[in-house]
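Going line by line, the protein sequences match chains A and B. Read in the numbering used here, the first sequence has 173 at position 173, and its numbers run on one by one without any break. Read in the numbering used here, the second sequence has 118 at position 118, and its numbers run on one by one without any break.
Keep in mind that the hints were calculated from the coordinates and are not lab data. Worth double-checking, as some hints may not be accurate.
[Said to hold, decoys possible] Using C-beta positions, here's what the derived DEER-type ranges look like:
1. B/ILE311 x A/LYS255: 29 to 37 Å
2. A/SER248 x B/ASP57: 24 to 32 Å
3. B/ASN118 x A/TYR176: 23 to 31 Å
4. A/LEU105 x B/HIS92: 28 to 36 Å
5. B/SER138 x A/LYS251: 28 to 36 Å
6. A/TYR176 x B/ASP79: 49 to 57 Å
7. B/ARG106 x A/PHE51: 56 to 64 Å
8. A/LEU241 x B/LYS125: 35 to 43 Å
9. B/HIS92 x A/LYS255: 55 to 63 Å
10. A/PRO181 x B/ASP196: 55 to 63 Å
Using N, Cα and C, we set each Cβ at its ideal position, and we do this for glycine too.
The lines below spell out each chain.
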Amino acid sequence: MTKNKGLAAFCASIYAFLYLPLAVMFAFSFNDARRNVVWKGFTLKWYGSMFHNAELLSALVTTLELAIAASVFASILGLFASYAMTRHAPFKGRGIYSSMLSVPLMMPEIVMGVGLLSFFVRVHIPLNFWTLACAHAMIALPYTASSIRARLLSLKDSRLEDAAMDLGATEWQAFYKVTLPLAGPAIFSGALLAFTVSFEDFVTSFFIAGIGIVTMPIKIYSMMKFGVTPEINALACCLLLLTVVLLSSQKLLAKKETQS
Amino acid sequence: MPGESLLEIEGITKSFGGQTVLKGVSLSIKKAEFLTFLGPSGCGKTTTLRIIAGFEDPDSGRVLLEGKDVTDLPPYRRDVHTVFQHYALFPHYNVFDNIAFGLRIRKVAEPEVTKRVNEAMSLVKLQGFERRRTSQLSGGQMQRIALARALVGRPSVLLLDEPLGALDLKLRKEMQLELKSIQRKLGITFIYVTHDQEEAMTMSDRIAVFNQGNIEQLGEPREIYERPKTSFVADFIGAANVLSARVIDNKKGEVKLRLEDEVEVTLPRSMELALGAGQLLKVAIRPERIEVRYQDTPANTDNVWLKATMIDNVYLGNSSQIFLLPFQKPPGRVLMAVSMDAEHRERRTAGGTVWAEIRPCDILLLEPSPNGSNG
Numbered sequence: 001m002t003k004n005k006g007l008a009a010f011c012a013s014i015y016a017f018l019y020l021p022l023a024v025m026f027a028f029s030f031n032d033a034r035r036n037v038v039w040k041g042f043t044l045k046w047y048g049s050m051f052h053n054a055e056l057l058s059a060l061v062t063t064l065e066l067a068i069a070a071s072v073f074a075s076i077l078g079l080f081a082s083y084a085m086t087r088h089a090p091f092k093g094r095g096i097y098s099s100m101l102s103v104p105l106m107m108p109e110i111v112m113g114v115g116l117l118s119f120f121v122r123v124h125i126p127l128n129f130w131t132l133a134c135a136h137a138m139i140a141l142p143y144t145a146s147s148i149r150a151r152l153l154s155l156k157d158s159r160l161e162d163a164a165m166d167l168g169a170t171e172w173q174a175f176y177k178v179t180l181p182l183a184g185p186a187i188f189s190g191a192l193l194a195f196t197v198s199f200e201d202f203v204t205s206f207f208i209a210g211i212g213i214v215t216m217p218i219k220i221y222s223m224m225k226f227g228v229t230p231e232i233n234a235l236a237c238c239l240l241l242l243t244v245v246l247l248s249s250q251k252l253l254a255k256k257e258t259q260s
Numbered sequence: 001m002p003g004e005s006l007l008e009i010e011g012i013t014k015s016f017g018g019q020t021v022l023k024g025v026s027l028s029i030k031k032a033e034f035l036t037f038l039g040p041s042g043c044g045k046t047t048t049l050r051i052i053a054g055f056e057d058p059d060s061g062r063v064l065l066e067g068k069d070v071t072d073l074p075p076y077r078r079d080v081h082t083v084f085q086h087y088a089l090f091p092h093y094n095v096f097d098n099i100a101f102g103l104r105i106r107k108v109a110e111p112e113v114t115k116r117v118n119e120a121m122s123l124v125k126l127q128g129f130e131r132r133r134t135s136q137l138s139g140g141q142m143q144r145i146a147l148a149r150a151l152v153g154r155p156s157v158l159l160l161d162e163p164l165g166a167l168d169l170k171l172r173k174e175m176q177l178e179l180k181s182i183q184r185k186l187g188i189t190f191i192y193v194t195h196d197q198e199e200a201m202t203m204s205d206r207i208a209v210f211n212q213g214n215i216e217q218l219g220e221p222r223e224i225y226e227r228p229k230t231s232f233v234a235d236f237i238g239a240a241n242v243l244s245a246r247v248i249d250n251k252k253g254e255v256k257l258r259l260e261d262e263v264e265v266t267l268p269r270s271m272e273l274a275l276g277a278g279q280l281l282k283v284a285i286r287p288e289r290i291e292v293r294y295q296d297t298p299a300n301t302d303n304v305w306l307k308a309t310m311i312d313n314v315y316l317g318n319s320s321q322i323f324l325l326p327f328q329k330p331p332g333r334v335l336m337a338v339s340m341d342a343e344h345r346e347r348r349t350a351g352g353t354v355w356a357e358i359r360p361c362d363i364l365l366l367e368p369s370p371n372g373s374n375g
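One chain only, chain B, in its complex shape:
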């Protein structure tokens, strides 16, 4: 289980040719943790990974591995190995020699090399491929070799840079589960870079959501999904209806908000954010947390109850995607609801009046994004 801190990053900044890529990233990674850097391309996640590996020098900040400052150490003096995006297998070596590379560099005795390479090959389920040339392998096999090559030296941290990006969907799903089980088995800290939120949710103990050179939120998958801090996080992980909200009244135990400058809602709970009346913020509502009702009878009077026009009802097989317009003022913000209830399959009529029922705890109050944009 994840325990004490193994790797610390303190206030890393980095710019390339005048463009700031990292604006002061700090985080602490625990032993045996599976941490994912999640974010869109250009958010700084890969640069952070390359700084940990030692391929880039940060402009400022420190990298501490097991308490020791490794910021100025070259890659070959860090107990950290990488699985590269396009595998980077040595084409002039066969599979065995690829995996043995790191051990031979460290002058491990040849019988020990053979033993450990064989172990690594059985770990990634590729026994019998020792003498193959790398050009004779499929993408999934190359992926496994790259993993075996990085793991055979038993690093304290394994870095994975979008390792499944080039594989097809089915293989990717398989490898996700396999990677997770290998990580559990070996108890090695994995830092995994991806832009695929589902991948991040599947494997991670914790997720760091990157945006424009900052970590916007760091937390367990469930926390990230259910308590997103910013509209960027709410939008990037899963789908979210992001609305503007003005604080009408904020007292202990009750918050009054006006959504989209039109619909007033009362939340019977305290607000975590210290905002006074009149201030603007954003709220997010997950589509699956909006219940669409066809009669004006709320299940619970504490719930937020919005009268709306049904814009569209899209049948998606296992679920229905319903688009609602609870606002009168043009252009009007359309809400998306997703439900697996059978009743929506029959009532596929657009244009009718419906009601949206939302539990107060499902209206997520968001902090402004630290970048000022995307919010």
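With the rest of the complex left out, here is chain A:
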């Protein structure tokens, strides 16, 4: 019993380490003081002022647009790649191509950032919104590809596309009448992950966001240079909430899919 108590305390301290900073941040977002040091009383004004901060709002809009573009790109690419990996007759090096899809997951992001920057500069592509969206799509591709590939593999085992073609559907008809509707939830769940990845990306954006493109994480970073204000806490809380909502809906979707 004493041993179990020791373990319980150990676990509790680990969870405290994980979640206490978030709790502190959450609490201080309601602190009625300019500085984050002492508790002066409860207020909601930081949430209000956050929404009246034009720079912050424009950063939010940019980030959302980026995340949507990146998740759309990554989903389309992920669907094509997964279809090739699971439906095309085995081709030479399929295994290598397949694992190369997930390399961006393992690569240090700073390497990606530097690499992308030197690439765009070398081939004289001006850095703009679309180059950044492409970069985000690249980072998010492993997430969409793995989600869609898993679904396509299970669909293949169920022989549903075979059944469609057996009944006279061409490969393309089988794809949009059977594969696409049934893989829809997996595509959407991959897109949600991609959205989250793009939304919170800092390192890559920091390297290759051109002049005038300020994403939310970059904006927060520059605000922090002047100290951590309760406004940043409030903003971080909102972002945290959004991430939680996105990730749990993704989990719910994935769960629903494994049940069907």
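Based on the hints, put chain B in the right spot on chain A.
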């Protein structure tokens, strides 16, 4: 009734990753025939079916449907439909839309679609299920929907890949008879894959017995059972006592064999196989064709008469299973006899001396298996 040839398979070979699955399968299937591919798992029966459907390309050989070479045609350009092992019903469609799928792909007008789907649903006795979701169906119902979906387009050949494998025994028996009656009614050629020999016997006009990528025997159920060509066929369809036999003498009208290198028997008939004295072969004897006698008096002097020790006598309710040892040399090959005679129920004594009486025509001479093994 089965008539002219509808589907021809010529010298199909196929290997997957260096492993040969089909070693040159040829056969000809007649119109309105119920043909079963029977064999153990991995014998190549399902691969042959998938090649006919167009899901696999053979390495060599041809598939001819109504005289036309369809070997290189994709599945959707063949007049062949499949009932899949796990039904493969579309989960995002209801029952009606599942059955209508093939018709709608072919742009059949919607009133005609409704009419034909309704016909198909009454054929499989599932009227009233149109709006059900497939997840609300039982295994037997899904089976019927899959059948209706494949039949509604009126294919010239219907392929069935172990369609009853997931159903329980009672339902399976029911569906066997129903499938057979649907096939008779529609006059469509059925090619049915199974590993269940009883299922094959129940439904088929002809059975192709597959073993290790070859067809070992093709024939009517009765022919397969009563005149098995190889020991594999004898053993796989029904039970069989397979013994080794050496030819002692082979002349017209009389064959002398030595069974298990010990017991000599004389068969008063010509041998179909051209084997000279001294050559080895295998023979099979069906358990129900061995009569167990308790006195040394054969009913017919032409019959083979073997003195044996009774090893065991097992009561099975409707029959008795008797194990006999007619050979002295160790280890000795035990023969199994099955009989429904009442006298065996009373004399359940192991260890006594009995006699086995076998009609010469029931000693089946077997060819060596084309695979060299299993024989």
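- Task: List in ascending order the numbers of the hints, as given earlier, that are violated by the structure.
- Result: 1, 2, 6, 8, 9 and 10
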